[in-house]
Amino acid sequence: MGRKRFRNGTSLGGIYSPVMPGRKVKMVSIRTLVGVALAVALVAGGAAVAATQRGRAPRNSHAATVSSPPPGAGGSSSVATSPSPTPVDAYRLKLKGQYQQTSYYCEPASAAMSLATFGVKVDQNTLARKMKTRSTGTKISDVETVMDSYLYKRHYNDTVVGDVFDAPEILMTKVSYDVGILRRAPILQVWSKRLPWDRRAGKGEEHAIVAYGYQISKGTITVFDPWGPTGGTHTISAKALATSFADRAAMHYFERL
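Note that our numbering has the sequence shown beginning at 6, numbered continuously upward.
These aren't lab readings, by the way, just hints derived from the structure by calculation.
Some clues are possibly wrong.
Claimed, not checked - Only pairs whose alpha carbons sit at most 25 Å apart, straight line, appear in this in silico BS3-like list of lysine-lysine:
| # | residue 1 | residue 2 |
| --- | --- | --- |
| 1 | K244 | K223 |
| 2 | K135 | K158 |
| 3 | K135 | K101 |
| 4 | K144 | K198 |
| 5 | K223 | K99 |
| 6 | K144 | K158 |
Claimed, not checked - The following label-pair restraints were derived from C-beta to C-beta distances:
| # | residue 1 | residue 2 | range |
| --- | --- | --- | --- |
| 7 | V93 | H160 | 17 to 25 Å |
| 8 | D168 | V93 | 19 to 27 Å |
| 9 | K158 | W202 | 30 to 38 Å |
| 10 | P234 | V127 | 21 to 29 Å |
| 11 | D168 | R261 | 17 to 25 Å |
| 12 | K144 | T248 | 20 to 28 Å |
Note that beta-carbon positions come from the ideal geometry of N, C-alpha and C, so glycine has one too.
The task is simple: from the sequences and hints, build the whole structure.
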C-alpha cells in the first residue's frame, strides 16, 4: 500500500492545519487566542504602571510633558510677561525746528519735523503736494496717509487718536511713550486761539504743532509751534494742552508694528 494522504484539514483563523490520521489533536479556537493576547497585554500594562509608580519610565515609552499655554491663548498661565517699558521722568528730543513756509503750511511743517525724528528728510513743499494741501488747509486723513507711507517701511504706524482730548493724564502717557520710549515727535492738532502764546487776530483756526519733550513730575509738555510770529519752542501744562485740541482727531500717536 502507498502512503496515506492527509485528511481534510481544519482552517484556524485562515491558517490551514492538517490532521494526521490516528492522532488526537487539540484544536485552539480564535476566541482562545484572542483571550491569551489580551491577558499578555494586561500583564505588560500592569508592569508599565508599576514601573511608573516607582518613579521609572517604562521601557520603550515616552515620558509625558505638560506645557503651559502661550500668553494670550486663553486660560490661566503661570508664564511671566515682560513689563511695559517705563519712560524716564523727563526727556527732550534734539529737534531742529521748522517754521511754516506759508500761512497754511502748518501741517507740512509739523510733518517734516516729526519725520526728521525717524531719520526721514523731506521738505515742506513735497509733503504739501502729497498731502494735497490747499490755501484752506490740509485734511488730517491725508496727513495720516502720507505719514504712514514713510513710516510703514520703518515698521511704525501713525494713528490719529482722540482719547487725549480734555484728558491730561492720557495725553502725558502717550507723549511720554512717543518721546521718551520711541524717541519720536508726534504731531498735535490744536485750536490756535487756545494756545496761550498765539496772538493772531480773529477766533483762531485749526493748527498743527509737534510735541518733543515732557516732564511727568511737573505735568508739562514741550512743543514746537511752526507759526512764525509767535511760534517756536514753548512749554505748556498737559492740562492746558489737552483742552486746546481742535476736535477728537487730536494726536498722531506712533506705535511700533
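Is 21 to 29 Å a correct range for the gap between the Cβ atoms of P234 and V127? Holds: the Cβ-Cβ distance is about 25 Å, inside 21 to 29 Å.
Taken at face value, is the distance from the CA of K198 to the CA of K144 at most 25 Å? Roughly 20 Å separates the two Cα atoms, so the pair holds.
Quick check: does the Cβ-Cβ distance between V93 and H160 fall within 17 to 25 Å? The hinted range 17 to 25 Å holds for V93 and H160, with Cβ atoms some 23 Å apart.
Does 17 to 25 Å hold as the CB distance between D168 and R261, or does it fail? 19 Å, holds
Below or equal to 25 Å on CA atoms is what counts here, so check K223 against K99. 20 Å, holds
Range agreement (Cβ of W202 with Cβ of K158, hint 30 to 38 Å): Distance hint for K158, W202 holds at roughly 36 Å.
Holds or violated: K244 to K223, with C-alpha atoms at most 25 Å apart: 11 Å, holds
Holds or violated: K135 to K158, with C-alpha atoms at most 25 Å apart: 17 Å, holds
C-beta pair K144, T248: status relative to the range 20 to 28 Å that was hinted: At 24 Å between Cβs, range holds.
Is the hinted pair K135 and K101 satisfied, with a Cα-Cα distance of at most 25 Å? 22 Å, holds
25 Å limit on alpha-carbon distance, applied to hinted pair K144 and K158: 23 Å, holds
Per the hint of 19 to 27 Å, is the separation of the Cβ atoms of D168 and V93 within bounds? Holds, since D168 and V93 (Cβ atoms, about 23 Å apart) stay within the stated range.
Of the hints listed earlier, there is not a single one the structure fails to meet.
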